[in-house]
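One-letter residues, chain by chain:
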Amino acid sequence: MIKLDNVTKVYRMGLTEIVALREVSFHIETGEMVSVTGPSGSGKSTMMNIVGCLDRPSSGRYWLDGVEVSNLSDDQLAEIRNGKIGFVFQSFNLLPRTTALANVELPLVYGGAGNRRQRALEALDSVGLSHRAGHTSSELAGGEQQRVAIARALVNNPSIILADEPTGNLDTKTSREVMLLFQELNKRGITIVVVTHEPDIVIYTQRTIKILDGQIEK
Amino acid sequence: MKLRDCLLAALGTLSSHKMRSALTMLGVLIGVAAVISMVSLTKMEQAMVEESFQSLGADLIFVTPGAAKYEGGIGGTIGPLATLTLEDAEAIARDAPSVFAVSPVTETMTQIVAGGENLASTTMGVTPNYQYVRNLQTEQGEFITTQDYQGKKRVVVLGKQLAEDLFGQLSPVGQNIRINGRQFMVIGVLEPKGSIFGGEDQAAIVPLSTAQAIISSGVTGTSAHSIQGISIQAQSKEVVDSAQWEVKAILRQRHHIKSEDDDDFTIISMDDISSTADQMYAIGSIVWGGIAGISLLVGGIGIMNIMLVSVTERIREIGLRKALGAKRRDILIQFLTESAMMSLLGGVIGVLLGWILIKIASIVLASMGYPFPAMLPADIVAIAVGMAVFVGLASGVYPAIRAARLDPIDALHHE
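Protein chains in written order, with our numbering: chain A, 1 to 218; chain B, 1 to 415.
Hints are computed from structural coordinates only; laboratory data are not their basis.
Here are the computed lysine to any residue pairs in the SDA-like style, where the Cα-Cα straight-line distance is at most 20 Å:
1. 18(B) / 99(A)
2. 160(B) / 171(B)
3. 218(A) / 26(A)
4. 2(B) / 117(A)
5. 237(B) / 272(B)
6. 18(B) / 136(A)
7. 2(B) / 114(A)
8. 18(B) / 98(A)
9. 2(B) / 118(A)
10. 2(B) / 119(A)
11. 43(B) / 372(B)
12. 3(A) / 59(A)
A few chain B residues that face chain A, going by a derived Cβ cut-off under 7 Å, partial list only:
13. 16
14. 325
15. 326
16. 327
17. 408
18. 409
Being a predicted model, the structure only gives us computed values, none of them experimental.
Beta carbons are placed, not taken as given, at the ideal position from N, Cα and C, and that holds for glycine.
Hey, can you work out the whole structure from these sequences and the hints?
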């Protein structure tokens, strides 16, 4: 469960202060599939960075699974990201010249988990790519690469998967496949938050949070 | 992140940039090879010199005319050079209980003629026991005998080099040569002694009695009885010090030197020479090792340069790793492992290259008549490889810190 309470984020650029988020409060229940939309510069990236524990709010509080994470240290945030959050990026961000299996194993390496190979294979299997485990990133098609990235997000059994424009680099057909995969994972109980500006993608989610000028549009 | 994962990840990264990794390693590789070969060659030379000392005998003492320039060193001598006489040598042989054998030597620059060859070379006058005191072997013919000495015979033993210069490949034994116009018959040729104590290689050796009768006499600055050196063999290695004291006391008394005055002769033992040589080689090792160490430093700078490039190229990867849960420490260790692995690998290959260089040097020198046995002291290898890893770690620290400090959000969105 995600709960933001009066979260404000202020960036300082030289002498000017830019308010990226202004007293934002919302919550996302466990098992929900939510889309976050808004034009560029609206503050949605800032919000996703905070939700993804990559950044801390300037003020306000953020609870993830009942734990307040607004004031944790860098290393503590790294542990939270490793254990509770799965990231899926627009540009896939797979390690080059590295096999799909090794890419999926990466979060387990930092988590110090055992039985890594087995778990990575299971994650690849759940996105339908176990037959491509030994192929390197560059040998995979775009849709396949994104499915490997989703397997990597899944492998640590996270509380939420945060997908930032996951279909931005994909054609319509593979976009549909990826969104259907997210829906399937959501049915298994995983909370999914998709940041997008495409209306076609929003329809796959149950609820939409719209952001404009650093605030949630009612 | 476990050590095994770090090593595997570093190995993966390095092997995915083979050319770059190889070129980066080259700096350390050459540095380590240079350190190893320089220090080892110095040690090899030292070992060979020490062996020469051993072959001469650790129980030897040399007396030369004139006072030592430097206290306790091998420095040259100054002052009148005619202070030693044959009678001094005889007195030492007679009166010094710790002395086993005494071999006086005269040395004169002479003109030597054989067939069409005409050379300027040293003629040494020696007693028959010179052969045993200096451990000389004849390659052909015989050394000077007691009969030759007592009969003041005009016979000569040639050093190997001189024999070749005068006669080429022909056997000189039985031939006649002229020394300062006087005819001598060649009775033997010495085995070559090599570079370090090879004074005899280029000398003509005649009986001391003959030399004093017909060669040295009339040369300016010397009397008929003056000699240019005395080689003394002590009864044993243990009594070298007391032999030295006895010789000193006898000579001072014979030369009527007052107690406050300095010696007019110089006594050097084999021990003094070899410890001075050891000092020289120790300094040589440090100097050569230091110069070679600089190339290792340059190699380290190369690693730092490439690691900085690598960090810049992989900013997105670093961002991704951080997003997936890598802590600062993980990123730091990852980059340090890469640079240490490059330098370790470079160091190990450098040791192999150094060993090959040492082998080649040994073979080349052996073919030139200097038998340096190849050796690779384990402590030098350990120091060189240790230095390589240290250089790798030290030059990896700054790039690794830069990588570890990257902000995950900026890094992820880096283009």
